[in-house]
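Residue numbers (the numbering used here), protein chains in the order written: chain D, 358 to 546; chain A, 73 to 328.
It is possible that some hints are incorrect.
Coverage of chain D stretches by chain A, computed from C-beta distances (three or more under 8 Å per stretch; other residues unrestricted) [to be verified]:
no. : stretch
1   : 433–447
2   : 493–507
3   : 512–523
If you anchor each label on the Cβ, the simulated ranges turn out as follows [claimed, not checked]:
no. : chain 1 : residue 1 : chain 2 : residue 2 : range
4   : D       : S513      : A       : V270      : 43 to 51 Å
5   : A       : E103      : D       : G465      : 47 to 55 Å
6   : A       : T237      : D       : D439      : 23 to 31 Å
7   : A       : C105      : D       : T472      : 25 to 33 Å
8   : A       : T289      : D       : W482      : 22 to 30 Å
9   : D       : D439      : A       : A322      : 32 to 40 Å
10  : D       : W482      : A       : A269      : 32 to 40 Å
11  : D       : D439      : A       : V270      : 32 to 40 Å
12  : D       : R393      : A       : Q252      : 30 to 38 Å
13  : A       : T237      : D       : K519      : 25 to 33 Å
14  : A       : A280      : D       : E387      : 21 to 29 Å
FYI, nobody ran anything at the bench for these hints, they're computed from the structure. Every residue gets a Cβ at the ideal spot worked out from N, C-alpha and C, and that includes glycine.
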Amino acid sequence: MRTLVPFGNSMKHIDLFTPIELIGTDRGREIDFHGRTPAVDEVWELLDLVPDPEIPVVSVVDLGIVRDVRHAPEQQPEWQVDITPTYSGCPATDFIASEIERALQRAGIAAKIKTVLAPAWSSTWISAKGRKAMLDSNIVPPVHDLNSLTCPHCGSGDVHMKNQFGSTACKALYTCHACAEPFDYFKTI
Amino acid sequence: MNQIDKNHDALNTYLLRMADNDLVLGQRLCEWCANAPVLEEETALMNTSLDLFGQARNWLNYAVERDAELQDCDAATMLRDERHYLNLLICEQPNGNFADTIARHYLFDVWHRLTLEALCNSADETVAAIAAKSILEVRYHEQRHRNWVLRLGDGTAESHAKIQTAMDDIWTFVGEMFTQDAVDLQLVAAGIAADQAVIESQWRDTVAATLAEATLTLPADGYHQLGGKQGEHTESLGLMLAEMQSLYRAHPGAVW
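Please model the complete structure; the sequences and the hints are all you need to start from.
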């Protein structure tokens with residue numbers, strides 16, 4: 358919403374409420390490549406600012422969704438980003454692709470987003486930073502041995518699986534018998 | 073040679089069969105939405121369905137890439153008639169009660185997992201990639217439905233009776249999973265498709281062990297209904313597709 362306010366000797370339009378998109382991201386603006394060609398590492402750094410829409414504390418790079426970033430000046434567009442879906446039917450896959458494309462555009466890069474299936478995504482690809490961020494949000498990151506699973510709230514090992522599927526396809530629902538709190542577990546695949 | 077061979081080459085026929093199994097079973101699971109016995113089960117059924125739809129999309133995308141006449145994923149799903157759906161008959165059987173749904177799904181899961189395991193070594197790279205992607209999800213489905221077979225079979229007298237009846241009823245559709253027609257044999261010879269002759273004995277061993285653990289009786293083999301892979305379906309598929317396809321056919325190209 359824009360409104361006129363006095364500004365020195367004249368009037369000026371200002372935004373009373375800056376329009377925001379609730380689930381969109383404009384973090385691409387924090388890094389700006391307008392007018393220059395960035396290094397591949399810088400593009401990775403930018404993509405690491407794009408959050409996963411369902412677990413926004415984790416970036417699409419942390420999750421292992423971004424597989425490759427390539428620069429080929431002779432091609433149009435010059436950049437290509439390879440992504441892979443976590444689960445075949447993940448409803449966020451298309452949204453993630455458009456978020457990545459948009460973040461790059463805002464930073465000044467036109468890129469082709471290509472979905473690759475092989476090798477198949479595995480939960481072992483989640484970065485250490487991503488695992489820590491999950492745990493900080495009370496989502497238990499994937500473990501090899503389900504018997505080693507502990508409650509993110511109180512640390513008790515007395516936990517029980519309530520449902521093999523939780524709030525999203527990639528999570529299962531657990532309850533802790535010690536503190537009686539429910540929590541999400543990011544499934545191992 | 074059946075009518076389907078005129079429409080698609082062998083590989084695309086195979087791709088559509090794999091896609092249609094996922095699509096039809098996934099759609100059946102959707103019918104549990106707002107009807108499941110408990111909220112957690114509903115979430116699980118819908119998430120399983122979502123996995124199957126995602127896998128169907130991968131198979132269909134490859135089929136569309138190879139044959140422009142299929143147009144795109146949506147058109148291939150919404151504009152093909154019953155006679156052009158190539159899924160196994162077991163996938164289209166109505167949900168029945170919860171035990172019927174679990175019996176149908178578990179018997180299919182074991183077949184699905186074994187078939188995908190074999191397809192991971194397919195001579196066709198894309199088939200192998202899609203199989204490798206799908207199998208991680210399908211193993212999880214099998215584990216979940218196996219647990220339910222055990223709980224229902226080794227549960228109360230009523231749950232035992234229901235899952236036993238469900239197994240007996242669905243058994244007439246298991247034979248089709250292991251039949252191979254000219255399409256299968258050609259692709260098996262080329263190292264592309266999974267050889268069901270090998271898979272059948274693995275399937276029987278796995279299922280027999282689970283049913284025994286669940287204190288259930290392995291149904292006797294009787295008459296096996298065939299035809300789904302060639303587009304000849306039971307009555308229930310047409311009714312399901314009529315509902316599933318109505319919106320898209322009324323508004324072609326609709327997206328949301």
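Going down the list of hints, with the structure as the test:
Counting residues of the stretch 433–447 of chain D whose beta-carbon sits less than 8 Å from any beta-carbon of chain A gives 5, enough to reach three: the coverage restraint holds. Here's how the stretch 493–507 of chain D fares: 0 of its residues keep a CB closer than 8 Å to some CB of chain A, so the rule of at least three is not met and the hint is violated. Against chain A, the stretch 512–523 of chain D contributes 5 residues with a C-beta closer than 8 Å to a partner C-beta. That satisfies the three-residue criterion, and the hint holds. The given range of 43 to 51 Å is respected by D/S513 and A/V270, whose C-beta atoms sit roughly 46 Å from each other.
For A/E103 and D/G465, the hinted distance range of 47 to 55 Å is satisfied, since their beta carbons lie about 48 Å from each other. The beta-carbon spacing between A/T237 and D/D439, approximately 49 Å, falls outside the hinted interval of 23 to 31 Å. Restraint check, A/C105 to D/T472: a C-beta distance of roughly 27 Å satisfies the suggested window 25 to 33 Å. At roughly 44 Å, the beta-carbon separation of A/T289 and D/W482 lies outside the given 22 to 30 Å, and the hint is violated.
A C-beta distance of roughly 38 Å is found between D/D439 and A/A322, which places it inside the suggested range of 32 to 40 Å. Our hint of 32 to 40 Å for D/W482 and A/A269 holds, since their Cβ atoms are close to 36 Å apart. A hinted range of 32 to 40 Å holds for the C-beta pair D/D439 and A/V270, which are about 35 Å apart. Range check, D/R393 to A/Q252: about 59 Å between beta-carbon atoms, so the 30 to 38 Å window is missed.
Checked against the given bound of 25 to 33 Å, the beta carbons of A/T237 and D/K519, roughly 28 Å apart, stay inside it. Between A/A280 and D/E387, the C-beta spacing of about 59 Å breaks the proposed range 21 to 29 Å.
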